[in-house]
Amino acid sequence: METEQKIKNEMKRNTLLENEMRLSFDAVSVNEAFARVAVAAFVTPLNPTVEEISDIKTAVSEAVTNAIIHGYDEEFLGATGQKGKNQVYLHCKIVEDVLHVEVQDTGKGIADIDQAMEPLFTTRPDMDRSGMGFAFMEAFMDDLEVISEPFQGTLVRMKKKLGTISWIKQEE
Amino acid sequence: MEDNFKVIDNYLMVRMPEEVDHHKSVYISKIADEYIMKEGIGNVVFDFETTRFMDSSGIGVIIGRYKKISYFGGKVFAINADTRIKRTLMICGLHKIVEIME
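Residue numbers (the working numbering), protein chains in the order written: chain A, 1 to 172; chain B, 1 to 102.
Please keep in mind that the hints were generated in silico from the structure rather than gathered at the bench. Check the hints yourself; a few may be wrong.
Residues of chain A placed beyond 10 angstroms of chain B at every Cβ, according to the derived structure [claimed, not checked]: (1) ASN19; (2) LEU23; (3) GLU32; (4) ILE94; (5) ILE113; (6) ILE147; (7) LEU155.
Calculated lysine to any residue pairs in the SDA-like style (CA-CA distance at most 20 angstroms, straight line) [to be verified]: (8) LYS75(B) <-> MET37(B); (9) LYS67(B) <-> THR123(A); (10) LYS68(B) <-> ASP126(A); (11) LYS93(A) <-> LYS159(A); (12) LYS86(B) <-> THR44(A); (13) LYS68(B) <-> GLU19(B); (14) LYS68(B) <-> PRO125(A).
Since the model is a prediction, treat every value here as computed from it, not as a measurement. By construction, the Cβ of each residue, glycine as well, lies at the ideal position given by its N, Cα and C atoms.
The whole structure should be built from the sequences, with the hints applied where relevant.
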């Protein structure tokens with residue numbers, strides 16, 4: 001009986017510790033809220049704190065907003081040539097207690113990534129952008145990687161370690 | 001949306017929505033600017049009472065309004081901000097130009 005219970009527990013944990021999700025949605029601003037809520041819901045099995053959820057939501061919101069307003073701006077209408085019909089790809093993965101989030105667009109890309117990541121640098125001051133997007137992602141996540149080429153799209157890769165799983169393991 | 005804006009003396013009170021992101025901030029900026037132009041607003045007060053989420057778009061709204069009214073010596077206030085919102089404001093150093101009050 002005991003071993004059976006143990007195996008069950010093991011299986012339960014395995015299903016919990018390896019999980020993957022892929023989403024693609026239209027590059028329109030209403031989907032910013034959808035994307036961050038989807039990621040927040042995806043991490044709930046890891047039992048995150050309210051603080052962690054908020055951090056993740058903010059970072060995802062920044063990345064998706066960037067893809068929508070900078071990746072596919074008016075000058076660059078993307079592959080479909082039509083505003084709002086471009087796709088933003090969201091890929092989430094849970095490995096052990098680490099959440100990996102990838103936000104990808106096929107938009108106009110970034111020529112100078114270091115400059116783009118500087119706090120307060122923005123290419124769209126006319127739109128009231130604060131230029132804090134990448135700074136927020138860096139502040140709220142543990143790891144941030146940006147891969148981009150002009151006219152080849154942008155991939156933002158973020159990682160965050162969630163705190164509670166290791167404690168649960170210790171108790172067992 | 002319109003009833004989230006109220007003018008008291010030369011103060012414009014803006015009640016921020018539950019989630020402040022790029023989608024919502026576009027409207028807030030636009031309507032707030034209309035009020036500032038039309039009614040001769042001196043100061044802007046952002047009320048975060050119902051706000052549970054804010055990203056850098058919210059910061060953009062505040063900085064944008066600050067730039068507009070600070071030419072005429074106006075001030076920007078943030079009221080009823082919870083610890084999350086306060087933290088977001090602090091990260092950007094906005095507490096230097098915005099008065100955060102309970």
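Status of the hints after comparison with the structure:
no.	hint	verdict
1	ASN19	holds (24 angstroms)
2	LEU23	holds (17 angstroms)
3	GLU32	violated (5 angstroms)
4	ILE94	holds (22 angstroms)
5	ILE113	holds (18 angstroms)
6	ILE147	holds (21 angstroms)
7	LEU155	holds (20 angstroms)
8	LYS75(B) <-> MET37(B)	holds (16 angstroms)
9	LYS67(B) <-> THR123(A)	holds (18 angstroms)
10	LYS68(B) <-> ASP126(A)	holds (13 angstroms)
11	LYS93(A) <-> LYS159(A)	holds (10 angstroms)
12	LYS86(B) <-> THR44(A)	violated (25 angstroms)
13	LYS68(B) <-> GLU19(B)	violated (24 angstroms)
14	LYS68(B) <-> PRO125(A)	holds (13 angstroms)
Violated hints, in rising order: 3, 12 and 13; the structure is consistent with all others.
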